[in-house]
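**Student:** Spelled out, the chains give:
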Amino acid sequence: MPEHARPPSVEEPRLATRRPAAPRRRRLPRHVLAALPLALAGLLALLVSGNALRPFERITTIDGKMASKSDFFKDPQVRRLLLKHGIRVEIHRLGSRGIATQSLAGMDVAFPSGQPAARLIMQRQQRTVKSARPFVTPLVLGTFREYAQTLAAAGVARPQQVTGGEDTLYYDLDMRKFLRLIEERKTWNGIGYEKRSERSNSGRVLVRTSSVCESNAAGTYLSILAFVKNGNQPPGSEPRPKGDAAGSGDPVLDVAAEVKPLINLQGMAADEQADSYFSDEGESIAPVSLIYEHQFLAHQVAHRERHQRQDTRRVLLYPSPQALTEPQLISLGADGDRLTDLMETDEELRQRAIELGFRVRFSGENGTSEQLNAYLRDHHVQVPVPNPDQTKADAPDLDALERIINHVGSCPPAGKGGVS
Amino acid sequence: MRRRALAACLVVLATTLAACSEGKEQRTLRVLASPELADIKPLLRDLEEDTGVTLDVDFTATADLDVPPGSYDLAWPASDRSYLLRLREERRRVPESTAIMRSPVVVGLTPATARRITTGKPLTWADIADAAAEGTVRFGMPDPRRSDTGRAALVGVATAAAGTGGALRRKDVSCDRLRGFRSGQTLTGASSRELIDTYVRRQGAADALIAHEAELLALNAGRKLKEPLTIVHPADGMVLSDFPLLLLDPARHEPYREVVDWLRRDDVQERLARATWRRPVGADVPRPPELRAPIGNALSYPDQLAVVRRLMDNYGDPGRRRAGDHVVFLLDFSPSMRGARMADLRAAFRGLSGADPSAAGKFARFYRGERITVVRFAGRVLEQRTVSVRGAGGLRRLNDVVAGGGLAPDTAVWSALDHGYRLGADAVRDGDQRPLSIVLMTDGENNTGMSYGEFARRYARLPAGARAVPTFPVPFGEADGRELRRAADATGGRVVDAGSSSLSQAFKEIRGCR
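The listed protein sequences correspond, in order, to chains A and B. If you read the first sequence in this note's numbering, its first letter stands for residue 1, the second for the next number, and so on. If you read the second sequence in this note's numbering, its first letter stands for residue 421, the second for the next number, and so on.
Any given hint might turn out to be false.
As the list claims (entries may be wrong) - Pairs of lysine-lysine, DSS-like flavour, derived with a Cα cap of 27 Å:
id: 1; chain 1: A; residue 1: K229; chain 2: A; residue 2: K195
id: 2; chain 1: A; residue 1: K260; chain 2: A; residue 2: K195
id: 3; chain 1: B; residue 1: K541; chain 2: A; residue 2: K260
id: 4; chain 1: A; residue 1: K74; chain 2: A; residue 2: K260
id: 5; chain 1: A; residue 1: K186; chain 2: B; residue 2: K461
id: 6; chain 1: A; residue 1: K229; chain 2: A; residue 2: K177
id: 7; chain 1: B; residue 1: K591; chain 2: A; residue 2: K195
id: 8; chain 1: A; residue 1: K177; chain 2: A; residue 2: K260
id: 9; chain 1: A; residue 1: K84; chain 2: A; residue 2: K74
id: 10; chain 1: A; residue 1: K84; chain 2: A; residue 2: K229
id: 11; chain 1: B; residue 1: K541; chain 2: A; residue 2: K186
id: 12; chain 1: B; residue 1: K591; chain 2: B; residue 2: K461
Stated by the list, open to error - Anything over 10 Å on all C-beta distances counts as not near chain B; from chain A, calculated:
id: 13; residue: R58
id: 14; residue: G164
id: 15; residue: A334
In short, the hints are calculated from the structure, not lab data. All residues carry an ideal CB built from backbone N, CA and C; glycine is no exception.
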């Protein structure tokens, strides 16, 4: 029964705080006293067995600011593996660029989801720091089946081939054509969604992202947009091919101005895109959300385990050109060093990363995908081909990207430390 | 040896116990929460038992979440959007925030009202606005200036009214398209709780409530209504609140994390859904059948505080009944209007009288309580009729004037506008509180009567109240756009060109412009 029947009152909500116990008079209750010998016996047994007093042993709490890659450290199995090494990770969650622009005081590690933010953080360190780049994952767009089919019918997306007659979970998305839909102010119903679905959506075709000022995903998405709008080359890399007389004279800002409306159309950005995409209301919240591949694959594996089938409502759009993101765990002190070392060397942690959908680097080589593909096959989840035509959106250099981000998001100045 | 070990163990045990209870004493978090979250109170004891963290909650948060620095450790509003927009504007640190539950802002209708306004197609905010303007729906909505529910509702309705398919921009709110909608509001409250309490006491005062789905479901389940409300998820979209828990004091991170982890546990999410009727944020959490209905499409939220502020300013104090607008239409009835143009004009008037089935038409239509004056002119003023909109009868008389009036030679544009301003001066002198505006529709050049210069001189001599009346010229066909633009600029109005679209479109565009 809901509690609305209560008469509203102002006083009631104030819950009584715990009455301070009077330490002098604290006495062990009788049943505790009775159980004491037993407890002591157990304690001794543990001591004798050499199993040591694990819970009493020194457990180091490592405070880390991290964004979407907190998924890894939130995983119960990862937590158990780390505990074996006496490490507990306390997650302070905020966007990657937020991590790079805010104070890191009191933190042992920072774990931005991509290289731009990682480089900003590294630049700010006074000394050389240890870091690890354990895995990569492509930036993707999470959507729902009828939306993907609508895009395919509009000639903007192409389903990936699957063997065995199943519906595919993966589509390739032609970003140039997709951006044209957005620029032409098309609505979902306008490109035929209503005909393909029991639902209707008169909203405009757009991608919901987290804040460009705060997140790596949105910043990386911006670099794809800028790359496409700049004639498939990163802005700022060289003078623009066509002699555009009209711009501001600054090629980077010109591209930023072109890209801005493509992002700002969504209004206020919302963090935790994956969280809302995978929730039961996901399809209502946003037809297309900017997420990472690992989040989708981890979801499919978990869904398979839980329901004995794949989640065929949710499908992925792989943007072409593609952007691969590379999270970096950056140590900020001795305790942080222990964690980065572990991440580089511990086989179990690396294996678990694969199981969580990451493309893990082995000895710095390219073979990042075989283990992941094998794991997906073993778990009866379709294996995606992330970048079939091998097009890659080269990121603009850090300075150019920062200027694009600041222009699009009107962000507070970055790199100043404690913006508070 | 052994004895010493035993003693050591005892010491360990004692200090551990002491440490535990001591730690817990300090683990109280002060929380500022939205009034409607009072329904989570029954879960707080279990939270405390499971995590050792006590939440000391004030359920007094307002939509702006004005938190005196240091006064609270956490905030728990229905939505943090306004708050975050403000922090970003002030370039302040954005706190860690975690969504706990979701609920869309929807409308609950009495069953009779639902039957009356349902047409077989899914209901929209435009339909609600249409019925409100017509006087067939009287609704209650919390005050957008104080309640985050009310604010989300206002943004939702305004986004639907703008109908762009995207987030509201400044230019979408430069005119107030919600005047018809607002004319149907009969109840309000500082919070949705207050609104609902009032409604329970005075069920005859409204036949629809706009609030979170959760509150309407709870109201229905409480059996305090004569009949449960029919809950409608408007097909043109809704704003979804996600009841985020915000960490205001970063130093309290650890207990915050524990509280969030507890609240996001599947079993707790299930309990929350049952106890509060809000939708779980976690996937696959079992939920009551009432919470399984799809909610439709979430609307984008504007990314500029100025847009939200403008909306609220336009809407004003919902507790005060607002004087309806008074619009004076000066319509050119010279012979060049014959044929298609006259047909277009008549269609435009029928549309504004309620015949326009488009969403924009439903928001822009003449509304109950509004006063409309139609002045037909050619070389002189031919006819004038004023109607206060109460029902279909008055609107019919108005349409008769437009539909039946004959044409006459010549075009005296500036004499007609001067006539309009004399009506304005009369209204100001009589102390009429209605916001007055003039729409001047002409398709020809001024060829008789006053010149623009003469009009301008007479306008300058009007009392300030009359000078404040804006003129919205709608040039059509061969009209002289330049002079009309000068008139618009001089009076604070603007020109809407009907040349590129229909007259109907042009009229809709200037509805609610001040």
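**Student:** Taking 27 Å as the top limit, are the C-alpha atoms of B/K541 and A/K186 close enough?
**Tutor:** holds (23 Å)
**Student:** Run the distance test for B/K591 versus B/K461: straight-line Cα separation, threshold 27 Å.
**Tutor:** violated (43 Å)
**Student:** Holds or violated: are the alpha carbons of A/K84 and A/K229 at most 27 Å from each other?
**Tutor:** This hinted pair is violated, its Cα atoms lying about 49 Å apart.
**Student:** Given the hinted pair B/K591 and A/K195, is their Cα-Cα distance within 27 Å?
**Tutor:** Roughly 32 Å separates the two Cα atoms, so the pair is violated.
**Student:** Taking only the CA atoms, is the gap from A/K186 to B/K461 under or equal to 27 Å?
**Tutor:** Distance of about 46 Å is beyond 27 Å: violated.
**Student:** Need the status of pair A/K177, A/K260: alpha-carbon distance at most 27 Å?
**Tutor:** holds (17 Å)
**Student:** Take a quick look at whether A/K229 and A/K195 sit within 27 Å of each other, Cα to Cα.
**Tutor:** violated (31 Å)
**Student:** Does the structure keep A/K260 and A/K195 at a Cα separation of 27 Å or less?
**Tutor:** violated (31 Å)
**Student:** Compare the distance between the alpha carbons of A/K74 and A/K260 with 27 Å, and conclude whether the hinted pair is satisfied.
**Tutor:** violated (34 Å)
**Student:** Would the non-interface assignment of A/R58 survive a Cβ cutoff of 10 Å against chain B?
**Tutor:** Consistent with the label, A/R58 stays out of reach of chain B, its closest Cβ about 14 Å off (over 10 Å).
**Student:** Minimum C-beta separation from A/A334 to chain B exceeding 10 Å: can you confirm that?
**Tutor:** Answer for A/A334: holds, closest chain B Cβ roughly 21 Å.
**Student:** Would the non-interface assignment of A/G164 survive a Cβ cutoff of 10 Å against chain B?
**Tutor:** holds (26 Å)
The structure is inconsistent with the numbered hints 1, 2, 3, 4, 5, 7, 10, 12, although it conforms to all the rest.
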